[in-house]
Amino acid sequence: MKKVMTGNEAAAVAAKLARIQVVSAYPITPQTVIVESLSEMIGRNELKARYMPVESEHSAMASVIGASMTGARVFTASSSHGLVYMHEMLHYAAGARVPVVMVNCNRALGPPWNLYCDHTDSLAQRDTGWSQYYCADVQDVLDAILIAYYVAEQAFLPVMISMDAFYLTHTSEIADVPDQEAVDIFLPPFKPSDKLDVNDPKTFGNVCGANLFASIKYGRHRDTLSLEEVWDRASTRFCDHFNRPHPAVEAYKTEDAYVCVVATGSAGGAIRLAVDRLRQEGVRAGGLRLAMVRPFPRRAFEKAIPTARHMIVIDRDVSFGAEGILAQELKAFLFDHHRDVKLTGFVAGVGGNDISTDTVVGLVQQAILGVGTAVEAGTTLWTDVLP
Amino acid sequence: MESEKRIFKRLADLPIMPSTIGTMAWNRTGDWRYLTPVVADKAAPCAQACPAGIPVPVYLNALRNGRLQSGLGLLLSHNPLPGLTGRFCHHPCQAKCVRRKIDNAISIRRIERSLADLSNNAAIQKIGKTDKRVAVIGSGPLGLSCAFYLGCRGCRVAVLDPQDRAGGVLAGLSPEKIDPQLLEDEIGRLLHLAEITLETGVALDFRRLGEGVPEADFIILDPTGFSEGNAFPAGIAEFDPFTEGPPDSRIVSAKLPENLEQFKPSLIAHYIGAGRQTAIKVLDMFAEPSGQPGISGPNPQRRQVVNAEDIRLERFQSSDHSGPAKGKEEKWEWERVFEETKRCLSCGACNQCLQCATFCPDASIRPDETAVTVDLEHCKGCGICAYECPRGVITMEAVSS
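As you go down the protein sequences, you meet chains A and B in turn.
Residue numbers 1 to 387, in the numbering used here, belong to the letters of the first sequence in order.
Residue numbers 1001 to 1401, in the numbering used here, belong to the letters of the second sequence in order.
Check before you lean on any hint, since a few could be wrong.
Stated by the list, open to error - To give an idea of the chain B side of the interface with chain A (calculated C-beta under 8 Å), a few residues: (1) Leu1011; (2) Leu1014; (3) Ile1016; (4) Met1017; (5) Met1024; (6) Ala1025; (7) Trp1026; (8) Pro1257; (9) Asn1259; (10) Gln1262; (11) Ser1266.
Quick caveat, the hints were computed from the structure, so don't treat them as lab data.
Here a beta-carbon is modelled for each residue, glycine too, at the ideal position from N, C-alpha and C.
Let the hints inform the model, and build the full structure from the sequences given.
Below, the structure written as structure tokens:
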């Protein structure tokens, strides 16, 4: 059924459709609506789940880890400072191999205090071992959460679904809400064979000597790499059921593109429009929306850029002292593949600055012609900076 | 809890979730320990203040667990005349009671007195059996106490009193001050439990005492056995049980410190303690282990102490019961005694509250028969148990392995 809803509402609806059994979350703008909606659903008995109130995000993640270990399907959501407060537990969740699914609403980190969109909060968690998927629109939020549970429970690894603060969390769009029966067929109940059971006591997360440590970490690394394939299969299966694709990499007119604009999140729409305009102006441009950042979708990415000679990366984040995080990721990928590709990295759209079609066109022009308003710092060009 | 260590040889054999198969008991984390939790009952402030060294929390713990007979037994192990102390002693124990910092002191006096009234039948375990014969001359509180502990240790004790009424200085008090029936009952229980004999109106020639009691291996004269005015016989070797080693002659008279020479009923516990101490020294003379003269119960002189500052008051709540009763001293029934025992903080005495076991991160503490035992194979020495123990029983100590 088609409904008008915000990204936050879509996230709550998706969690309900996934028949989550335990929610533990701490409110933070712009995520609050998600947990408010879920608590109301539980309060109205529309959702048979336990809501565990906690005093912090760290405890929220710790709670869902414990609940997940007992075999429950769990959900949490956070943003910005709340997410970075979870950092320790994010590592733990992945190490404990619990299929937790969480939503992060990408918001800037203070100081200076700012509630608006910025990807540094979740990209700073890229080494925690979570799969990271960044949504393009409200429908993507709803569907990706359902796919995420399927993927997480296949691989016994946690998945973080991120959406841009306000551009998605608080913007209403039309979304197709699938029927519960159809979702139940797509997403069977979570029934792990190995779980925390008081009748079969075990120690979890216990001490491990050097003899097994590397093997366990290696096994996890290998399983995490396989998530690209797991996501591919799961999203294909989802598409079979609901006729909506959610690939790890969304390519737009890249088959013959010489210039390729890369970004993640809701900027994908502006990039598509910019690509169209650039092509009208005679630039052989293409757009790439990197939906999955972890694991880095190497195969999908390789396939999507057959002719690219110039990659223009728009980061809504920065690794201070280095450059944009996506730019780093792409450079690492391109180096591995010995691609003779030029890469221009921009930091744009942070802290509430819009990435419009004009912005993207302007950045592409500056990358090609070397003339524009973005200012240089190291290998990065920053937009929206005072002269 | 032993479990076999399983060896993984192939990556494919590893479980997805890092978890143990079986227990972690094989991992002997006790090796990591620098400091060791030592579980040891310590003398509470009340016991430290008691002239007879009565370990109050220990017998209150028995009562709290509903064991009236063993509670009375533990009390008698330091005080065989509770009906008298419960009436006459000035109870310095209550003045030092840590509970006063929360609401009121435990009414130790009322418990003592009520216990004496409630039961004559204490669970007393006699230790040892010797063929030594002892004559105690005089049946005052010191002599009776000494005779009691020697009797409990299996000595064959005869208490001989030249007066017609037993009780020594106590028998000399007016009936208004001390109910003659009470005195008789208290002495009767003492004799019965320790299986010793008492003879009053005995004609004794103090100049030829050794010949008068030929069967006795040892004869001791009780300075409280003679009511005021009766001349204490001269020319007999004096023996100070508090400062001297075992007596070295067959006939001695117990020597009291100066402040106790003049008998005062309110100081009765001092005489009882002195009698117990005398018994300890006599047993030493007989080369009988004297740590526990007669019946079970710790010896306060040899124990570590716990101070009021060591008790974690914030762990306790104020109670509805008022503590020491004011006004009319009506008799307490068992239920009321029982309620009062529950107020005791049990300073320095493990009452198996298991706060330590609850918080032990290594599940290395288990209750045993009377206290708790630490599994030193696995205890890492974190000290949480010592921090959590509200009553100063557990201390972290450097123990050489």
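Cross-check of the supplied hints:
1. Leu1011: 6 Å, holds
2. Leu1014: This hint holds: Leu1014(B) lies near chain A, its Cβ roughly 6 Å from the closest one there, short of 8 Å.
3. Ile1016: 5 Å, holds
4. Met1017: 5 Å, holds
5. Met1024: Holds, about 5 Å.
6. Ala1025: 10 Å, violated
7. Trp1026: Status violated, d = 11 Å.
8. Pro1257: 61 Å, violated
9. Asn1259: 61 Å, violated
10. Gln1262: Since the shortest Cβ distance to chain A is 67 Å, the answer is violated.
11. Ser1266: 57 Å, violated
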